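Engineer: One letter stands for each residue in the lines below.
Number of protein chains: 2
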Amino acid sequence: MGKKLSSNMEMYLKTILRLGQDDQPVRVKAIAESLEITMPSVSEALRTLKSKGLVLHPSYGEVKLSARGARLAEGINNRFVVLQRFLAEVLKVDEKTAEHEACEIEHVLGADTFMRLTAYLDFLSNCQKDLSDIVEHFHEYLEWRLAGEACPVCGSPGDQSTTLEDK
Amino acid sequence: MGKKLSSNMEMYLKTILRLGQDDQPVRVKAIAESLEITMPSVSEALRTLKSKGLVLHPSYGEVKLSARGARLAEGINNRFVVLQRFLAEVLKVDEKTAEHEACEIEHVLGADTFMRLTAYLDFLSNCQKDLSDIVEHFHEYLEWRLAGEACPVCGSPGDQSTTLEDK
DNA sequence: AAGTTATATTAGGCGCGCCAAACTCTGTCA
DNA sequence: TGACAGAGTTTGGCGCGCCTAATATAACTT
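Chains as they are written, first to last, in this note's numbering: chain A, 993 to 1159; chain B, 993 to 1159.
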């Protein structure tokens, strides 16, 4: 069916889903604030999404997801959650950053990759007692490395100075 | 200095870097083919990048990266490589897909996250013999899971049916 | 040197997603 | 009921990145 949605359209869907979970009617204003854009932009986007049958939105009325829209939104949101978990729990990325970056990546990765990432998280947390603290081991290693020292267990260098280019 | 580059501009830089590694003069045509866009689009982008001092490009001449452009491009390329390795080697994502998805994500993640991901890969491959085959364990787990069966070692379910929404 | 071909650039246009300004509804409260 | 405030929409405009068509330059070929 419908071609692939743009990242932006996906963000609208996800936002509507999440706002709807506070079980209050979802309003244009709330979407705009949540996405930090203006109401006209939201109005316009909703027109697009309506035309694709993903949202229901009587003029001046409440915004709702259609069944298809909701399915999509939930998929996107799941992806988001998985990514956020990986970044925050495994890589120990700062919470704000993890949220932000997960939000960008969620639109990029295919279903297969997500399934694999989910499996990986499950593997690390649910499977085999003696593997379940790998992540903790990694966090120790990370601290040594951040301190610029060699890894105490294996001597893996702390100076692989991960090419911090930027700005 | 200069504000953040767009994903597209980053892609141009990375492409120029990679084409330059075949130590032949980099031409507009090659960039266009590599990115699967038309030459006018490349011309235009080069004008932008030139104005930011990231590429050198006499009219009708050879395209080169400036020192700053090269530094940026290398950073982007490093990010790409790390992501690609993670997707392909850890998650066992199909090679083509890994390349494509890494290419999208490389523009999104910050330096800190990349450092952490690099550290994670190093940790998995270099550190402590008895941890170095975690990935293999995971790959076994993944196969069971893909077959829809429970994990033989821990009983972790194969039916977590990772919400395959889509299409 | 002149013509042919390949490469590069300019010109003009399009879709997307955003904006500010102006206008229109809706609900509330004298 | 009528007027005001706040939410929502329409209008017109802008930047980015892409396109095709037309033009310009460079590089061969004879």
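Rather than coming from a laboratory, the hints here were simulated on the basis of the structure. Hints may be right or wrong, so weigh each one.
Unchecked claim - With a Cα cut of at most 20 Å, we get these calculated EDC-like pairs of lysine to aspartate or glutamate:
{"#": "1", "chain 1": "B", "residue 1": "K1084", "chain 2": "B", "residue 2": "E1036"}
{"#": "2", "chain 1": "A", "residue 1": "K1088", "chain 2": "B", "residue 2": "E1128"}
{"#": "3", "chain 1": "B", "residue 1": "K1084", "chain 2": "A", "residue 2": "D1104"}
{"#": "4", "chain 1": "B", "residue 1": "K1088", "chain 2": "A", "residue 2": "E1141"}
{"#": "5", "chain 1": "B", "residue 1": "K995", "chain 2": "A", "residue 2": "D1104"}
{"#": "6", "chain 1": "A", "residue 1": "K995", "chain 2": "B", "residue 2": "E1096"}
{"#": "7", "chain 1": "A", "residue 1": "K1084", "chain 2": "B", "residue 2": "D1104"}
{"#": "8", "chain 1": "A", "residue 1": "K1084", "chain 2": "B", "residue 2": "E1128"}
To be verified - Label-pair ranges, simulated between beta-carbon atoms:
{"#": "9", "chain 1": "B", "residue 1": "E1036", "chain 2": "A", "residue 2": "L1048", "range": "36 to 42 Å"}
{"#": "10", "chain 1": "A", "residue 1": "S1033", "chain 2": "B", "residue 2": "R1019", "range": "38 to 44 Å"}
{"#": "11", "chain 1": "A", "residue 1": "Q1016", "chain 2": "B", "residue 2": "S1033", "range": "41 to 47 Å"}
{"#": "12", "chain 1": "B", "residue 1": "H1131", "chain 2": "A", "residue 2": "S1051", "range": "51 to 57 Å"}
{"#": "13", "chain 1": "A", "residue 1": "A1059", "chain 2": "B", "residue 2": "S1117", "range": "44 to 50 Å"}
{"#": "14", "chain 1": "A", "residue 1": "R1039", "chain 2": "B", "residue 2": "A1103", "range": "25 to 31 Å"}
Every value quoted in this text rests on a predicted model; they were computed, and no experiment measured them. Ideal placement from N, C-alpha and C gives every residue a C-beta, glycine not left out.
Engineer: Evaluate each hint against the coordinates.
Structural biologist: Structure-based check of each hint:
1. Restraint check for K1084 (chain B) and E1036 (chain B): not satisfied, since their Cα atoms lie roughly 38 Å apart, outside the 20 Å limit.
2. The straight-line distance between the Cα atoms of K1088 (chain A) and E1128 (chain B) is roughly 32 Å, outside the 20 Å bound, and the hint therefore fails.
3. In summary, the hint linking K1084 (chain B) to D1104 (chain A) is supported, as the alpha carbons are separated by about 10 Å, within the 20 Å threshold.
4. Pair hint K1088 (chain B) plus E1141 (chain A) does not hold up; C-alpha atoms about 36 Å apart against a cutoff of 20 Å.
5. Taking the CA atoms of K995 (chain B) and D1104 (chain A), the gap is near 34 Å; set against the 20 Å cutoff, the hint is violated.
6. Distance restraint check for K995 (chain A) and E1096 (chain B): the Cα-Cα separation of roughly 19 Å lies within the 20 Å cut-off, and the hinted pair is therefore satisfied.
7. Among the hinted pairs, K1084 (chain A) with D1104 (chain B) is consistent with the structure: their alpha-carbon atoms are about 10 Å apart, no more than 20 Å.
8. The hinted pair formed by K1084 (chain A) and E1128 (chain B) fails the criterion: a straight-line CA distance of about 23 Å is larger than 20 Å.
9. Restraint check, E1036 (chain B) to L1048 (chain A): a C-beta distance of roughly 41 Å satisfies the suggested window 36 to 42 Å.
10. Remark: the range hint 38 to 44 Å for S1033 (chain A) to R1019 (chain B) is upheld by a beta-carbon distance near 40 Å.
11. Between Q1016 (chain A) and S1033 (chain B) the C-beta distance comes to about 45 Å, which sits within the given range of 41 to 47 Å.
12. Judged by the Cβ atoms, the range 51 to 57 Å given for H1131 (chain B) and S1051 (chain A) holds: they are separated by roughly 54 Å.
13. For A1059 (chain A) paired with S1117 (chain B), a C-beta distance near 45 Å keeps the hint of 44 to 50 Å intact.
14. Taking the beta carbon of each, R1039 (chain A) and A1103 (chain B) are about 39 Å apart, not inside 25 to 31 Å as hinted.
Hints 1, 2, 4, 5, 8 and 14, counting from the list given before, are not met by this structure.
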